[in-house]
Amino acid sequence: MKKKILSLTLILAMAASVLAGCGGASASGSDTFKIGGIGPTTGGAAVYGIAVRNAAELAIKEVNAAGGINGYQVEYKFEDDELDNEKSLNAYNTLKDWGMNLMIGCVTSGCCTAVAAESSKDNMFQLTPSGSSTDCTAGNDNVFQVCFSDPNQGIGAADYIGQNGLATKVAIIYDSSDVYSSGIYEKFVAEAASQPFEIVSAEAFTADSKTDFSVQLQKASDAGADLVFLPIYYTEASLILTQANTMGYAPKFFGCDGLDGILGVENFDPSLAEGVMLLTPFAADAEDAATQKFVSDYKAAYGEIPNQFAADAYDAIYIIKAAAEKANATPADSVADLGTKMENAMREITVDGLTGAAMSWDAEGAVNKAPKAMQIVNGNYSLIQ
Amino acid sequence: MSLLSYLINGISLGSVYAIIALGYTMVYGIAKMLNFAHGDVIMVGGYLIFTFVSTLQLPVGLGIVLAVVLCTMLGITIEAIAYRPLRNAASSLAVLITAIGVSYFLQNVALIIFGANTKAFTSVVNAEPIKLFGDQITISGETIVTIISCIIIMTVLTLFVNRTKAGQAMLAVSEDKGAAQLMGINVNGTISLTFAIGSGLAAIAGLLLCSAYPSLTPYTGSMPGIKAFVAAVFGGIGSIPGAFIGGIILGIIEILGKAYISSQLADAIVFLVLILVLLIKPTGILGKKVQEKV
Amino acid sequence: MKEKKISKNLQDNLITIGIVVVGYVIVTILSASGVLSNLLQGLLVPLCAYIILAVSLNLTVGILGELSLGHAGFMCVGAFTSAFFSKCTEGVITVAPLRFILALLIGSLTAALIGFLIGMPVLRLKGDYLAIVTLAFGEIIKNIMNVLFIGKDSAGFHFSMKDSLSLNMEPDGMVIINGAQGITGTPKDSNFTIGVILIVLTLLIVLNLINSRDGRAIMSIRDNLIAAESVGIHITKYKLMAFTISAALAGVAGVLYSHNLNSLMATPKNFGYNMSIMILVFVVLGGIGNIRGSVIAAVILTLLPELLRGLNDYRMLIYSIVLIVMMLYNWAPNMIAFRKRMANRFSKKKEVA
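Chains as they are written, first to last, in the numbering used here: chain A, 1 to 385; chain B, 386 to 679; chain C, 680 to 1032.
Everything labelled a hint here was simulated from the structure, so no lab data went into it. Remember, predicted model here, so these are calculated numbers, not experimental data. Treat the hints with caution; some may be incorrect.
[Claimed, not checked] In silico DSS-like pairs for lysine-lysine, Cα to Cα no more than 27 angstroms straight-line: (1) K252(A) with K169(A); (2) K1027(C) with K805(C); (3) K805(C) with K562(B); (4) K687(C) with K805(C); (5) K121(A) with K867(C); (6) K841(C) with K252(A); (7) K417(B) with K666(B); (8) K299(A) with K61(A); (9) K805(C) with K666(B); (10) K562(B) with K550(B); (11) K417(B) with K516(B); (12) K831(C) with K867(C); (13) K293(A) with K121(A); (14) K61(A) with K326(A); (15) K169(A) with K841(C); (16) K666(B) with K867(C); (17) K293(A) with K372(A); (18) K417(B) with K687(C); (19) K61(A) with K252(A); (20) K841(C) with K831(C); (21) K341(A) with K326(A); (22) K293(A) with K169(A); (23) K252(A) with K516(B); (24) K121(A) with K326(A).
[Claimed, not checked] So, partial list: chain A residues that the calculated Cβ filter (under 7 angstroms) puts toward chain B: (25) V47; (26) E198; (27) V200; (28) E203; (29) D208; (30) D212; (31) S221; (32) D222; (33) A223; (34) G224; (35) T235; (36) T242; (37) N245; (38) N267; (39) S271; (40) Y318.
Note that beta-carbon positions come from the ideal geometry of N, C-alpha and C, so glycine has one too.
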């Protein structure tokens, strides 16, 4: 009888593998570039992975409609990593089986670091839209970032607050179970030592207790902080803003690029975010034509306002295009040769994108671009000059 | 002063755990199963109310009634499809695993229908906050309503279980299914009723959870669900007043732990206290001591 | 009669180990001939780790008869201690297999120690209460790993529970465990062959235990605690023995897991209660107490979500449905009776024909 149980489950698994086979069967010869993407599309971080998946798809459609890269069409496939380092390797290997020769991803730092260890062995060209940890690029020649690195953001935020005299007493609320958040937090604290403000409270929360922030806010308030630094994602930040409002605590709030998207939360009362400042390279209601076109196209296709993850991913595709054109790359190159060509080209090109003008890349793979400080005024992002 | 305000914050958080724990303990007490999908039914309740009130602009009262009715039906359906066939399975673990399956299922259905992006829930509670000591301490309207709801639900449930025929049938089923059947009690019907009540309560819990912490994602229910489960065990699982007390105490411990020990270790502190309580009193604070049969 | 029974046991065990060995040979041949997809090649070591986890949890759940929901915690301990060791000694011990064996010893022994320390107080509890306490310990371990910072510099080791700045290290220092960012750059010392050797070792340990005097004592506790106690079986000793061995083996799986990943972190996904429950699913689906079933269920359920990748957004939805259906098919009494009837009908028809 047990054998029958097994046989049934095996049949199920086989049936599934056939299905999976169909999905991957579209692999064809070497007349197209195959760009693979990796990020979480299920689980708690799905919102970021889905934003990247959609925006990259949008950009690739545009590229294909305009004649492709170096005359070759681009195929695209995105795999789920469930925000798990181990699953991200499965996603990477699945994409390799599919025939990926260029990669964007991973969306999150931890997965990106895990995949980079494998992709560097293959010399697969890897451009991460949002994996901001320095571990993603360190020692891996093939990995480049579109977003600012964590140290860059932490130091940038501390400098900005100090130089503009925004506050004398600063409190921090960060996610100690998250790589991005704790990475920025540490660099911010280190840099703050040489800045004319004092850190009066630094409180953490974790992935398992991120509904109630009353203690963290109370401590900031008791310590007399006039600015609260939030190096976190907007999902939690929206709760913090609501709870601070209920408490009647109204300091300045200052965040990094993870905070972008807060106005896109459906049904969110924008007056709660009034005056929030953030250092981010992208704002969905910027005036320039490129951003406006991107936002309206994205909204038409996916029914949501794109966040900064989406903008990074959109840029990533055009950066790949620029590098491939510079390198005269063709899909006929082997993965490793293509990788070498692309890597050399990346260090030479400058690209204007939604998330920055004249972006260029250093030897480590980190991006050079100017950060922008935004403030939410009257329910809209506006650039602080 | 700050201690007092931490205590009040703890009670606010605890009242939310308590209202979820009431549903948990109800189902566990009667059906003797850990329904891991309970937290996800709460999430469904949250989305239903969000859809009715914020998207379709129905009156709040109607929206709540519809959500409660739909969640009740969902609970009955889940029980009939995924749990009932396994009631007499060789191991009680089998139904635990299908509950996990149901939990994944609900999360992924919500992900496909509503998307991954956070939705800000507009609080449906209209009560004014109470301010004490010249505005230094605020008790939010949500907290007051949640605690009052907990007390009402607790009283009604206790009366229902002890004073009505259906309630007595539930007690009988929880004591001994076989004997209850022999006494002419419809065991399947009674357990269905339990799930119906538990899921209806989940809709209300979803409403209050999302009103107090207005952020709704497909995974909103899972962690509060686990915490509420801990609260129910804390108070003595199966005990209705125990769930309330357990929830409040858990909330207070979590907040005080964050405030005075370490905000990074808040989860560890909560779980450590749970372990200590169970080691000293293995059936929870108000749990009944079950005599071992020889 | 007695001899016959023992030999049947032996035969059964040999089949289980034989399945693993045959699987190994087939996969190695396929891999050498280049037929195996990258996905499957990448999955081989995690598969080994999950098989070991399932078998070790079956020792607690199936043989000892106690429900544990904190198994991922022991895996976490094994993974972190061994990865810590390997990262520290990467420059000192350059022979990878030697380093791995030492790491394996350290990982499994620490996990065993933690299992022993946790088991001592909590094994008095029963049923769902034990389940919730083990879940709590698993969560505590994960939480502590997330705030643990250990660095090494010329002055020795530095330790903090706050952040890496509080380590106060010399400039030449290296942060080894960096809180939520975990351990990055563990040498990739594990491979499929090592994984299979560890599976076989695990199976030998567990199957030997089951068929030994100690094993029978453990099972008698499961079947009737009071009767076992009355014939003089030392309950605490045997419960602790099974629980500690189970924890040690979970530690082994953790070592295998961490030495296959460049970036090891303690997230809710990999070391939280979700993972513990996932391992429990392997055990229950494979058959409680059925070691061979655990091996097969671990393989199927690890492969299933990967094979469903073609379904894109519906992948995890279909996975959850398949999970529910498989459980109903395997466990529902009505379903079992129905399957028996069908089986009888078919076998009768065969006889007639």
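Verification of the supplied hints:
1. For the suggested pair K252(A) and K169(A), the alpha carbons sit about 11 angstroms apart, so the restraint of at most 27 angstroms is met.
2. Between K1027(C) and K805(C), the direct Cα distance comes to roughly 45 angstroms. Violation of the 27 angstroms bound is thereby established for this hinted pair.
3. For the suggested pair K805(C) and K562(B), the alpha carbons sit about 21 angstroms apart, so the restraint of at most 27 angstroms is met.
4. Under the criterion of a C-alpha separation no larger than 27 angstroms, the hint pairing K687(C) with K805(C) is inconsistent with the structure, at around 33 angstroms.
5. Distance hint between K121(A) and K867(C) is fulfilled; the C-alpha atoms sit about 12 angstroms from each other, no more than 27 angstroms.
6. Our distance criterion of 27 angstroms between C-alpha atoms is met by K841(C) and K252(A), whose separation comes to about 25 angstroms.
7. Taking the CA atoms of K417(B) and K666(B), the gap is near 20 angstroms; set against the 27 angstroms cutoff, the hint holds.
8. The straight-line distance between the Cα atoms of K299(A) and K61(A) is roughly 15 angstroms, inside the 27 angstroms bound, and the hint therefore holds.
9. Note on K805(C) and K666(B): the hinted pairing holds, with a Cα-Cα distance of about 12 angstroms set against a maximum of 27 angstroms.
10. Of the pairs offered as hints, the one joining K562(B) and K550(B) holds, with about 16 angstroms between alpha carbons and a cut-off of 27 angstroms not exceeded.
11. Taken as a hint, the K417(B) and K516(B) pair is broken in the structure, with Cα atoms around 42 angstroms apart against an allowance of 27 angstroms.
12. Between K831(C) and K867(C) the alpha-carbon distance is near 21 angstroms, which keeps this suggested pair within the 27 angstroms criterion.
13. In summary, the hint linking K293(A) to K121(A) is not supported, as the alpha carbons are separated by about 38 angstroms, beyond the 27 angstroms threshold.
14. Proximity of K61(A) to K326(A) is assessed by CA-CA distance (about 21 angstroms); at most 27 angstroms being required, the pair is judged to hold.
15. The suggested pairing of K169(A) with K841(C) holds, with an alpha-carbon distance near 21 angstroms, which does not exceed 27 angstroms.
16. For the hint linking K666(B) to K867(C), the alpha-carbon distance of about 46 angstroms lies beyond 27 angstroms, and the restraint is violated.
17. Among the hinted pairs, K293(A) with K372(A) is consistent with the structure: their alpha-carbon atoms are about 20 angstroms apart, no more than 27 angstroms.
18. Taking the CA atoms of K417(B) and K687(C), the gap is about 38 angstroms. The hint is violated against a cut of 27 angstroms.
19. Using a Cα cut-off of 27 angstroms, the hinted pair K61(A) and K252(A) is violated, with the two alpha carbons roughly 41 angstroms apart.
20. Taken as a hint, the K841(C) and K831(C) pair is honoured in the structure, with Cα atoms around 16 angstroms apart against an allowance of 27 angstroms.
21. For a cut-off of 27 angstroms, the pair hint linking K341(A) to K326(A) stands: about 9 angstroms separates their Cα positions.
22. Under the criterion of a C-alpha separation no larger than 27 angstroms, the hint pairing K293(A) with K169(A) is inconsistent with the structure, at around 41 angstroms.
23. About 24 angstroms separates the Cα atoms of K252(A) and K516(B), which keeps this hinted pair within 27 angstroms; it holds.
24. The hinted pair formed by K121(A) and K326(A) meets the criterion: a straight-line CA distance of about 24 angstroms does not exceed 27 angstroms.
25. Below 7 angstroms, beta-carbon pairs count as interface contacts, and V47(A) has one with chain B at about 4 angstroms; its hint therefore holds.
26. The interface hint given for E198(A) is broken, as the beta carbon of that residue sits about 19 angstroms from the closest beta carbon of chain B, more than 7 angstroms.
27. The beta carbon of V200(A) comes no nearer than 15 angstroms to any beta carbon in chain B, farther than 7 angstroms, and the hint placing it at the interface is violated.
28. For E203(A), the shortest C-beta to C-beta distance to chain B is roughly 4 angstroms, which falls under 7 angstroms, so the interface hint holds.
29. At about 5 angstroms, the closest approach between the beta carbon of D208(A) and any beta carbon in chain B falls short of 7 angstroms, and the interface hint on this residue holds.
30. Given the 7 angstroms rule on beta carbons, the hint for D212(A) holds: about 5 angstroms separates it from the nearest Cβ of chain B.
31. Because the beta carbon of S221(A) sits about 9 angstroms from the nearest beta carbon in chain B, more than 7 angstroms, this interface hint is broken.
32. Hint on D222(A) holds. Least Cβ distance to chain B is approximately 6 angstroms, under the 7 angstroms limit.
33. A hinted interface residue such as A223(A) counts as satisfied when its beta carbon comes closer than 7 angstroms to some beta carbon of chain B; here the least separation is about 11 angstroms, so the hint is violated.
34. Annotation: interface hint on G224(A) violated; nearest CB of chain B at approximately 13 angstroms, more than 7 angstroms.
35. Hint status for T235(A) relative to chain B: holds, with the closest Cβ pair at about 5 angstroms, below 7 angstroms.
36. For T242(A), the shortest C-beta to C-beta distance to chain B is roughly 6 angstroms, which falls under 7 angstroms, so the interface hint holds.
37. At about 11 angstroms, the closest approach between the beta carbon of N245(A) and any beta carbon in chain B exceeds 7 angstroms, and the interface hint on this residue is violated.
38. Taking 7 angstroms as the C-beta contact cut-off toward chain B, the hint placing N267(A) at the interface holds, the least distance being around 4 angstroms.
39. Because the closest C-beta pair between S271(A) and chain B is about 12 angstroms apart, greater than 7 angstroms, the hint is violated.
40. For Y318(A), the interface hint is violated, the least distance from its beta-carbon to any beta-carbon of chain B being 24 angstroms, above 7 angstroms.
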